[in-house]
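A.B. asks: Residue numbers (the numbering used here), protein chains in the order written: chain G, 218 to 501; chain L, 482 to 606.
Hints in this document: simulated from the structure, not taken from any laboratory. Careful, some of the hints might be misleading.
Partner residues aside, some chain G positions facing chain L, computed with beta carbon under 7 Å [to be verified]:
hint : residue
1    : S376
2    : C393
3    : L412
Which bits of chain G does chain L cover? Going by a derived footprint, with three or more residues having C-beta under 8 Å, they are [stated by the list, open to error]:
hint : segment
4    : 252–260
5    : 330–338
6    : 350–362
7    : 414–427
From the three backbone atoms N, C-alpha and C, an ideal C-beta is built for every residue, glycine too.
As a plain string of letters, each chain reads:
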Amino acid sequence: MARITAGITTSHVPAIGAAMDLGKTAEPYWAPLFRGYEFSRRWIAEHTPDVIFLVYNDHASAFSLDIIPTFAIGCAESFQPADEGWGRRPVPVVQGHPELAAHIAQSVIQQDFDLTIINRMDVDHGLTVPLSLLFGQPAAWPCRVIPFAVNVVQYPPPSGQRCYQLGQALRRAIDCFDEDLDVQVWGTGGMSHQLQGPRAGLINQPFDREFMDRLVSEPDALARKPHIDYVRLAGSEGIELVMWLIMRGALDATVREVYRFYHVPASNTAVGHLILENGGVQQP
Amino acid sequence: MALDKPYADIPGTTIFDAEQARRGYHLNMFCMSLMKPDNRARFLAGQRAYLDEWPMNEEQKQAVLARDYNRMIALGGNVYFLAKIFATDGQSFQHAAALMTGMTQQEYLQMMLAGGRSPEGNLYR
């Protein structure tokens, strides 16, 4: 049977991808950030899954204002890196897992989450930067990836509670897939940041640190945090953090925190990163 | 009954909700067109003529020509769409953010290196 072994959260700032693509990772501005991922690269080399279910948001790349799916699952065989206005990132094509994706779509829709099924889609920095952070610059990504796009561009995004419950439904779906697969769920985006208006540059370190603590220890309560708290306290783009709750919902009630990293700034953003291993006690 | 918008009192912040998305539909769709290299080249070669191909209002077009991102946001633009404009100009999110705050690039960079804009005094109008 397929099983979820671990969850990872990480920010997905586009400038991080650009720093890697342009060979700037050793520069004084970027070096502390990349040092924070050295442990993670060693860890993932020993824990490379068969499939990553990667929760991210599209930034007006695959989805314009013509179609705005709240939850979209990528069921294609492969996904090209998107041209976001400065050319495609020089990263490998993402290989999907159409069989598992289709299985998840059917199971999760039957659990009352009305996913949009996507059979053709380019993936932007929201998906490729986390892969680059964890895997570096390989000729091919070492595992398959199911992209799962959440609308956080046009307000309102789904609630934290909805995201958390979706993660629980995802867990039930993956647990009943017959093939023997090691699956990780990644939740990306955040942490506090605001990219627009005179308040741009807002960073709220106490909010971020508490969010990471509670994501590990009391996700049920954290999931009830209302939207207004995210946008007011963590910046208009800090609302991306609801996506971390999908990851957490897919893990056990108790998890083992293997690694934590927090760094300010990467461009406009506070970077947060967690590696959580399943603790063996399933959620009810 | 009007929708509840508890975010209306956040200072210096425009939430891209359904009303803003409606106002900015054509502006944002113009931005999307800049994801194609040919369109980027055509836009840079003749900005006014390119903008006139889109059913945007004059205020929106003037805001684009002036690269006035705060104005574009007030007129329904969303930063992830507007990013296609500053990417076409070869500029970063940090450049655009500095512009919107009225700070110089260097001042903005220093603020971020010092831990970013503090929440203190910046949560309520």
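A.B. asks: Give a verdict on every hint.
C.D. replies: Comparing the hints with the structure gives:
no., hint, result
1, S376, "violated, 14 Å"
2, C393, "violated, 36 Å"
3, L412, "holds, 5 Å"
4, 252–260, "violated (count 0)"
5, 330–338, "violated (count 0)"
6, 350–362, "violated (count 0)"
7, 414–427, "holds (count 10)"
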